[in-house]
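Asker: Work out the full structure: start from the sequences and follow the hints.
Protein sequences, first through last, are from chains A, B and C.
Read in order, the letters of the first sequence are residues 374 to 598 in this note's numbering.
Read in order, the letters of the second sequence are residues -10 to 236 in this note's numbering.
Read in order, the letters of the third sequence are residues 1040 to 1395 in this note's numbering.
No lab work stands behind these hints, which were simulated from the structure alone.
It should be emphasised that the depicted structure is a prediction, and the values quoted were computed from it without experimental measurement.
Treat the hints with caution; some may be incorrect.
With the C-beta cut set under 10 Å, the calculated list includes, among others, these residues of chain A facing chain B [stated by the list, open to error]: (1) L440; (2) A454; (3) G458; (4) G548; (5) R551.
Computed footprint of chain A on chain C; a stretch qualifies when at least three of its residues, placed anywhere within it, have a C-beta under 8 Å from a C-beta of chain A [stated by the list, open to error]: (6) 1099 to 1113; (7) 1124 to 1130; (8) 1286 to 1294.
Here a beta-carbon is modelled for each residue, glycine too, at the ideal position from N, C-alpha and C.
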Amino acid sequence: MLTDSELQAIWLTVRLASIVTLILLLIGTPIAWWLARTKSCWKGPVGAVVALPLVLPPSVLGFYLLLAMGPYGPVGQLTEALGLGRLPFTFWGLVVASVFYSLPFMVQPLQSAFEGIGERPLEVAATLRASPIDAFFTVAMPLAAPGFLTAAILTFAHTVGEFGVVLMIGGNLPGVTRVASVQIYDHVEAMEYASAHRLSAVMLVFSFFVLLVLYAWRPGAKKGA
Amino acid sequence: MLRKTLFAFTLVTSALACADEVKVAVAANFTAPMQKIAADFEKDTGHKVQLAFGSTGKLYAQISNGAPFEILLAADDTTPAKLEKEGTGVAGSRFTYAIGKLVLWSSQPGFIDDKGDVLNKGNFKHVAIANPKLAPYGAAAIQTLTALKLLDAIQPKFVQGENIAQTHQFVATGNAELGFIALSQVMKDGKIADGSAWIVPTSLHQPILQDAILLDKGKGKTAAEALMKYLRSDPAAAVIMSFGYAL
Amino acid sequence: MTGIDARFRLDWPGFTLDVDLALPGRGVTALFGHSGSGKTTLLRCIAGLERAREGRLTVNGEVWQDERHWLPTHKRPIGYVFQEASLFPHLSVLGNLRYGMKRMFDPQRVSLDHAIELLGIGHLLDRKPDRLSGGERQRVGIARALSVSPRLLLMDEPLAALDLKRKQEILPYLERLHDELDIPVLYVSHSPDEVARLADHLVAMEDGKVLADGPLGNTLARLDLPIRLGEDAGVVIEAMVAERDANWHLIRVDFAGGQLWVRDNNMPLGHHARVRILARDVSLSHDKGEDTSILNALPARVTAIADDSHPALALVRLDTGDTPLIARLTKRSANHLALRPGMEVWAHIKAVALIG
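Answerer: This is the structure we're talking about:
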């Protein structure tokens, strides 16, 4: 039903979304934790920067990333100095861009999950000899488990649906940066509506099931006693 | 979305307010010359011109789905032909309003010689081209490389923009060292503004014909027919050529 | 060197905590006051859950906080019982108990089994906290605080969130703690009943400051404090069950200043007992008055007279032997009896509560 290049695009999309979700779990968790608990005056600005991709048109973000990661941009000069070469038109360039773009989808659910826990369980843990890091792993993380699930699914789904940023920095390379959403766009632009419909249907069904899992899981999530 | 809504709103309200108005869908690469031509046309005739820019594929989809455009200035000659065949365009109204010129361009001065030998040297990582499936300039770039027998060597270095605007961006930001784009994109006041370039001889590719067509909704409208005529006038031709198109 | 030296100054918008206390290093010390008096804040400062800008805290010779040091909560050898049990909802009862046990750094003084037995929660170990009643939850909370073998047990109104029945269910466990474990306890409460039952030492607080501080009996008998206690003003006397009168279902308890007959509650002879006498239940006369329904009359000497909160009332402090009592009467009665310090009178006690 699907052509090889479409399957390749889908596989690429899934790989991109998985890697981005994993990286964001590692990066987003400490940011969300800090945002949920800090009283610093930096909370506002940092929170706003994290939320920026929500309001910024993806093409704007993509354009800035293209500039920043290009040979004249700071990120590009850094990656070249480190011997990593340049990021645009590479898979890892997409990963970096998607990490920025999907950051709020990881951080915000986690932040509200952490905020929902409140101070008390952590204070209890401290009186039971748990250091702050210990308490984070043994109390905060288990209590925020539903939040982690939500954040991971949203991040994954959002990365799958990402288009504008990929378009801007991807260069449409088959198997490297041509993800499903770009493929669909190509089909539409080339007036190949049948192919566009097929691939869109796959994306639609996929997204529906992701959200179904998400919403089916939520009511089962135990609330703290 | 908002912009589209606003645009539709403007279309509706202005149509009510003024009958002598023409709504034109314009291929993105022709944005700058068309703004100039529209301004001149308004001054000469007193008609109002509403311009909407976009990729030809997108404009086609909008027109086939009932968008209220009266004229389409496409980036190719196939889309107007298709519209005519489908009956959305007025039969016999098609003509070539401009011929695109392909240029190999780099943002670094001196990187490209005036014979295009840089393509043989291969001292670059990326060559940007517009998606040949979607953009006539991309297709022309492929034809050029084929004619030069360089396609197999260069193809692995391709990065594709969805349209020539994006392709230009890849090159302008230095992410691709060079790329095939439209001369009109780097032409300012009759010369290439910066970087270095090789204007690809038209013998190396099929002509990039950009055709205009009068759409159903413009049929019999004074302003629309006047603009179709004006596009073929000498003043319009001068503007078109000054932006790097041939005729 | 035993004892807790606590000096804290903490400024929050609308609230200042300013205390300087030397507390005994053993027994139960009640931090008593209305809500907003700063008692919980003081407890949290001692636990390290709140960091007072200026503070000095030494516990049995160990510095927990001064200008240079600040021991974080998880390094303080404390047990803490929160007002709501605050059990970890993702762990079973046993998981909650083991959480601290695994991380304990002190030598074990309270075995897990002992804590489980002491609080009577052996049958609950496999349950999740949301399957427990409020009283059960709080018992688990207390056992969990004991599971780390604390050198100081801090309890923040552990009964406040419970109804009367649950309170009655838990109080005996708290008394057992007091009797069986040699762990000093700081017990925050706004309930005079709990304080009377459990405390050995009393710190009364108001508006972030210490109002009174001393051994329970003496402190309760201070005439400036009852004004704040209102209807609950009264004293607590340490006594011993000395005689049982099975005919009339009464027992006699003896204390330093005399003896009292109270309702038999099946306490064994020789058992240590605590007796609470409210000021409003004490009336005074010049004679013993044999022809009265009142069972207990004690000879006493007036030591002080003070105004009460209402202008019609006076508070009289008395000594029976070495034991202080207070009586609340109208100023008219005091005038009628011509009471003055040093005068010998009879204290008629209308009600005596045996509280354990």
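Asker: Quick check: which numbered hints come out false for this structure?
Answerer: Numbers 2, 4, 8, in rising order.
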